[in-house]
Amino acid sequence: MKLSNRLNTINTLITESYDVIWDCCCDHGFLGMAILKRNLADKIIFVDIVPALMADLSKTLTRFSCAQTAKQWQVKCQDVGSLELTPSAKQLVIIAGVGGELLLKLVQQIIINNTNHDLSKLSFILCPVHHTYSLRKGLHELGLGLVTEQIVLENKRFYEVLHVSFESEQPISSTGTIMWEENNTAHRMYLCQLIKHYTRMINKDPAYFQNVLNDYQQLVELKT
3 MKLSNRLNTI NTLITESYDV IWDCCCDHGF LGMAILKRNL ADKIIFVDIV
53 PALMADLSKT LTRFSCAQTA KQWQVKCQDV GSLELTPSAK QLVIIAGVGG
103 ELLLKLVQQI IINNTNHDLS KLSFILCPVH HTYSLRKGLH ELGLGLVTEQ
153 IVLENKRFYE VLHVSFESEQ PISSTGTIMW EENNTAHRMY LCQLIKHYTR
203 MINKDPAYFQ NVLNDYQQLV ELKT
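Numbering of the sequence shown is given in the numbering used here, commencing with residue 3 and proceeding in unit increments.
Think of the hints as simulated: they come from the structure by calculation, not from any bench.
Quick caveat, the model's predicted, so the values are computed rather than measured.
Yeah, the Cβ is synthetic: ideal placement off N, Cα and C, and Gly gets one too.
You can take every hint at face value.
The calculated DSS-like cross-link candidates involving lysine-lysine, where the alpha carbons are at most 27 angstroms apart (straight line), are:
| no. | residue 1 | residue 2 |
| --- | --- | --- |
| 1 | Lys-61 | Lys-78 |
| 2 | Lys-92 | Lys-73 |
| 3 | Lys-45 | Lys-107 |
Each pair of labels, with its calculated beta carbon distance range:
| no. | residue 1 | residue 2 | range |
| --- | --- | --- | --- |
| 4 | Leu-144 | Asp-81 | 14 to 24 angstroms |
| 5 | Asp-120 | Cys-194 | 34 to 44 angstroms |
| 6 | His-142 | Phe-66 | 39 to 49 angstroms |
| 7 | Cys-194 | Asn-7 | 18 to 28 angstroms |
Go ahead and model the full structure; you've got the sequences and the hints to work with.
Written out as structure tokens, the structure is:
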């Protein structure tokens, strides 16, 4: 099956093996199945809160998995924030398709619920549908560092994909750093959209949104 631009970007960012990879808010499980084919983890765990989706996914995985690969996956119907990580395992948690504010709450809950886990072995790949600025600030405050980041254009919408970990010492910028390509027309268009959006938002909370707007305008100055 062909992955969407977003899912394909997430898939290509996984360049090392893990003990466990969690495909959260996985919908139809296409990403997790692609990762399963690449044999990048001892176990892939698919997580979503929608029972019907998980039931269908379980049937699909059973139908297309051989006896050996069937041991490498598990389907869980639960709230992503309630994940119970294996304490000593090297793990990657992938969360996509939700807003940045909710995504940050899920990451916070996962960390709080797994205080016995070695955080140096925990990484996240995150792709919010919006509110990336507040998500980035929150991840930085949690002590996470940037591994890499990319801008993705899909169906005329822009998305940011962030790979972060507690092991990385590279700070997470609120507006992004290495994802911006100076001569990329699409990236300039995305930056323009962000500035227009936060200009419209200023009246709702002038103190907060003016700071956000200033940060993005400063990024424009750095790129010119």
